[in-house]
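Peer 1: Sequence:
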Amino acid sequence: MNLTPDLISREQLIGKIQKDMDQTVLVYALLVCATLIASIGLNYNSTTTIIGAMLISPLLNGVNGIGFGLGLSHFNLVRKGLLVFTIQVIIILVISFLFFYLTPIKDSTPEILTQTSATIWDILIALIGGSALAFAKVRGRDNDVIIGVSIGTSLILPLCVTGYGVSIRDYAIAWDSAQLFFTNTFLIGLSLFLTIWLLQYSDFKHHRFWKFGLAALPIFMIGLFFVYTTVETTIIEYHAKRFVEANLSDHYLLAQTIDEQQQSIALTLVGEVLSAEELQKLASTLSDYNLKEYQLDVTFYATNQDGTFDALF
Numbered sequence: 001m002n003l004t005p006d007l008i009s010r011e012q013l014i015g016k017i018q019k020d021m022d023q024t025v026l027v028y029a030l031l032v033c034a035t036l037i038a039s040i041g042l043n044y045n046s047t048t049t050i051i052g053a054m055l056i057s058p059l060l061n062g063v064n065g066i067g068f069g070l071g072l073s074h075f076n077l078v079r080k081g082l083l084v085f086t087i088q089v090i091i092i093l094v095i096s097f098l099f100f101y102l103t104p105i106k107d108s109t110p111e112i113l114t115q116t117s118a119t120i121w122d123i124l125i126a127l128i129g130g131s132a133l134a135f136a137k138v139r140g141r142d143n144d145v146i147i148g149v150s151i152g153t154s155l156i157l158p159l160c161v162t163g164y165g166v167s168i169r170d171y172a173i174a175w176d177s178a179q180l181f182f183t184n185t186f187l188i189g190l191s192l193f194l195t196i197w198l199l200q201y202s203d204f205k206h207h208r209f210w211k212f213g214l215a216a217l218p219i220f221m222i223g224l225f226f227v228y229t230t231v232e233t234t235i236i237e238y239h240a241k242r243f244v245e246a247n248l249s250d251h252y253l254l255a256q257t258i259d260e261q262q263q264s265i266a267l268t269l270v271g272e273v274l275s276a277e278e279l280q281k282l283a284s285t286l287s288d289y290n291l292k293e294y295q296l297d298v299t300f301y302a303t304n305q306d307g308t309f310d311a312l313f
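Residues in the sequence shown are numbered from 1 upward in steps of one, following the UniProt record's numbering.
Everything labelled a hint here was simulated from the structure, so no lab data went into it.
One or more hints might be untrue.
Straight-line C-alpha distance at most 30 Å; calculated DSS-like pairs for lysine-lysine [unchecked claim]:
id, residue 1, residue 2
1, K281, K241
2, K281, K292
3, K241, K292
Cβ pair distances, simulated, as ranges [as the list claims (entries may be wrong)]:
id, residue 1, residue 2, range
4, I168, G271, 31 to 39 Å
5, L113, E272, 23 to 31 Å
6, G15, Q263, 22 to 30 Å
Keep in mind the model is a prediction, meaning the values are calculated, not measured.
The beta-carbon is built from N, C-alpha and C at its ideal position, and this holds for glycine as well.
Could you build all of it, start to finish, from the sequences and the hints given here?
Peer 2: Spelled out as structure tokens, the structure:
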């Protein structure tokens, strides 16, 4: 067993990243194809089609340039990475917008809705995926890993959903999916930077450190804000789930909506209708699940003998 790290040199790594970011007409054509395939898969809710789009998407190249450039203290890599990344994002947004604007099917499929919210698990996947990509790059063997990271983080999908949201003028969907995209991108870039720095590929000098730090600070603060809101939302959803399972296990939960700004939890349930007193007592237990500041709003559906149900309250 050979435990000696098989790392390429700093110069080789820089050359490899620069080569990966060389953009040609064919690369952009591939990105357009990936965007169209992803949009079609989202539009008719096909998981296999979506996976195909993630497999061929070259979207990680720009992110690599930014993350590795920061880790290597190589400003030209960062600048080129930002340019490539910006062009790629614009292409995906324009193509997905046009597709969803022209298609007669405008429904928000389950695959579309899954790209509108991030969880703690998305954060972990992006961080681990970024580290895996960095390890593969410094070994000079990254083809299979890029495919895995592309599927695991699925950067192209939330960006296509942003185009969808704008095309149907549902700006809540557009904003939520854009937030998911930015969060994943930020965490992959952060993970790349930290991994390269820990592997001692960096060549920071004092003045260059402050130059890079000041340039990256706004993005870093925005990224941290998105990560914080993602973690907070996931925790609130977990507490709400515990509340429903403990107190309403004999009802069927049709829908659950949590509004963090209005601090309300809206539940749609099928089953026995509870009285106002029972609902008030139920709401008083929210504090036991760290939801003291939240208001409870419940809609009940009662089942009929023929299997249908009607809204009662």
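Peer 1: Next step is simple, just say for each hint if it's right about the structure.
Peer 2: Hints versus structure:
1. With a C-alpha separation of about 18 Å, the suggested pairing of K281 with K241 holds against the 30 Å cut-off.
2. For the given pair, K281 sits about 13 Å from K292 by alpha-carbon distance, which is consistent with the 30 Å threshold.
3. The straight-line distance between the Cα atoms of K241 and K292 is roughly 15 Å, inside the 30 Å bound, and the hint therefore holds.
4. One distance hint, 31 to 39 Å for the beta-carbon pair I168 and G271, holds here, with the actual separation near 34 Å.
5. Look at L113 against E272: about 29 Å separates their beta carbons, and that is inside 23 to 31 Å.
6. Checked against the given bound of 22 to 30 Å, the beta carbons of G15 and Q263, roughly 53 Å apart, lie outside it.
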